[in-house]
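Protein chains in written order, with our numbering: chain P, 38 to 355; chain W, 38 to 355.
Rather than coming from a laboratory, the hints here were simulated on the basis of the structure.
Bear in mind the structure is a predicted one, so any value in this text is a computation, not a measurement.
One thing to keep in mind: the hints can contain errors.
Identical copies look the same in the list; a pair holds intra-copy or inter-copy alike.
Unchecked claim - DSS-like mimics (lysine-lysine), calculated; alpha carbons at most 27 Å apart, straight line: (1) 315 / 295; (2) 349 / 297; (3) 349 / 315; (4) 315 / 110; (5) 315 / 298.
Protein chains: 2
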Amino acid sequence: MPSTAELAKRVRAGDQAAVGRALSLVVNESKGFEELTKSFFPCAGRAHKIGLSGPPGSGKSSLVNRLVPHYRKLGEKVGVLAVDPTSPFTGGAFLGDRLRVQEHALDQGVFFRSLGSRGMTGGLSATIFGAIHVLEAYGCGRILIETVGTGQDEVEISRVADSVVYVTAPSLGDEIQGMKAGAMEAADIFVVNKADLPGADKAVASLKTALDLGAKPKGDWAVRVLAASASLNQGIAELAQTLEEHRAYLASSTEGAKRKKTQLREELSLFITRRLRKDTLDRISDADIEELRSGRADPVTLGERLIAGFLKAARSRA
Amino acid sequence: MPSTAELAKRVRAGDQAAVGRALSLVVNESKGFEELTKSFFPCAGRAHKIGLSGPPGSGKSSLVNRLVPHYRKLGEKVGVLAVDPTSPFTGGAFLGDRLRVQEHALDQGVFFRSLGSRGMTGGLSATIFGAIHVLEAYGCGRILIETVGTGQDEVEISRVADSVVYVTAPSLGDEIQGMKAGAMEAADIFVVNKADLPGADKAVASLKTALDLGAKPKGDWAVRVLAASASLNQGIAELAQTLEEHRAYLASSTEGAKRKKTQLREELSLFITRRLRKDTLDRISDADIEELRSGRADPVTLGERLIAGFLKAARSRA
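Using the sequences and the accompanying hints, generate a full structural model.
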């Protein structure tokens, strides 16, 4: 095994095997993963980070699988990160992950990795920024971040990605109706995928109406609604073109600077929360739980006592 | 405004207005909300906490609206908590919330409240246990906890609820296929709602097949698959009966004791995390973010420095 410093050097030199190893190290939070973030942070911001969210059945993954070759033809290296709820029961292996890795296995310019959302903290994994840093250090120009969405995820993806795409499909009419305000407001671009199916025009029209009624303008960016068909490979160039326009808009607007700050604050917050959680929650013992169960303590009193103990231990270490 | 102690007393005495005020206090994390938890904790575990999750369009809310009168006819007080992703843009007011509160406004035995999942932490709000304590102190025998589900939520609801119901509908075939292992494994009972629609039998059958193939046995409980129609008010008594059987199973099994411990650990963890986050993340300044933006610091180094500062401040307070 190479040292962390050696691994970082190889990633920067474009060593494909090193990228895979660095991603695993970061995603599993193995020893050295924070060193990699320190080492790669100067490359932060080089890639265009594109978030794609939407309900199951909207065909997000198929759309991503069409965007990848589009960018590859332009000579860009591409990273794909899929944020998936991890099952604490099964440990979170994804069949789809293995299949998709295989699909691109012969292409040195594409990296695919699943990130669990890591149990009880919910939401985006703290490791997502670490994975982005690896891909940026390797030289990926585009990073596609895929997430299942029911409102919360779209909001969270907007704290990581530069451009947010919400994917839906004609058959998911109910879902559009029930879509949360947060999801509507986080998206920069809507794509009605499976546009070859009946009802696509209606879905596009009702999204446009909903946007006219409800959305606040996002700076000077007018939110777009596009139609596409991943299965027929239609509308992909238009989506890529619109993403390019959004990237240019961010580069020249205060909105772009604002998003950059939001991303940095999110990364810092996730790091601090992860470190503090680890230092405290790992200290909860079975005896503590028994105190609660027997009614000898309540969660507030016990929680305050455990925090005080953690602070005392940190003090004696300092 | 009554004091927190007076408010707690009135809730225990069955004062309906006091319950509403206590729920607001807890949900908004206003001054005194932790005192209420301390005061009500001795009542913890009195209610049967039933989690209902499932995708948008499955008719979860309609099913809950049928279960409520079922339990009311049996003379039980009922609480309904809806976990909804909060939009950080709009602040998270729910139209549906107001409509549903109105529906039950004349009945002193029903309380309904929405809980946002509170921005970037994602997942279940730390306030959910506080709300449960209020409802249990008031004397609710059943607490129905509703959540939108794409895998992660089902897992989280299983750390709060005693019994977990996963609701789906015949039209959501795609969704069942794409359902995550976590969701399958967290559910004790599956309900195919809208069973009056075509495809219901097929949905029941494919769920049963999926369970036979994939699920580990949950102790001695054989996971059930039921059909129901909230709109026709069919299958509600069967669902309530199955929930009763599950409750009896928990009362007499090690699985029940295990879940109780999981719930206590979750509440303690949420309390500690919330307190630590508040004490540290609130201290991140614009100057800190500017250090990251300009590249003068990386998130790991800066994060460690901020934690050290927090510990130092805590030390000088002690």
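Hints versus structure:
Taking the shortest alpha-carbon separations for residue 315 and residue 295, only the inter-copy value of 23 Å comes in at or below 27 Å, while the best intra-copy value is 30 Å. Taking CA atoms no more than 27 Å apart as the test, residue 349 paired with residue 297 passes in neither setting, with 37 Å inside one copy and 30 Å between copies. Taking the shortest alpha-carbon separations for residue 349 and residue 315, both the intra-copy value of 16 Å and the inter-copy value of 19 Å come in at or below 27 Å. Taking the shortest alpha-carbon separations for residue 315 and residue 110, neither the intra-copy value of 43 Å nor the inter-copy value of 47 Å comes in at or below 27 Å.
Taking the shortest Cα distances, residue 315 and residue 298 sit within 27 Å of each other both inside one copy (26 Å) and across copies (20 Å).
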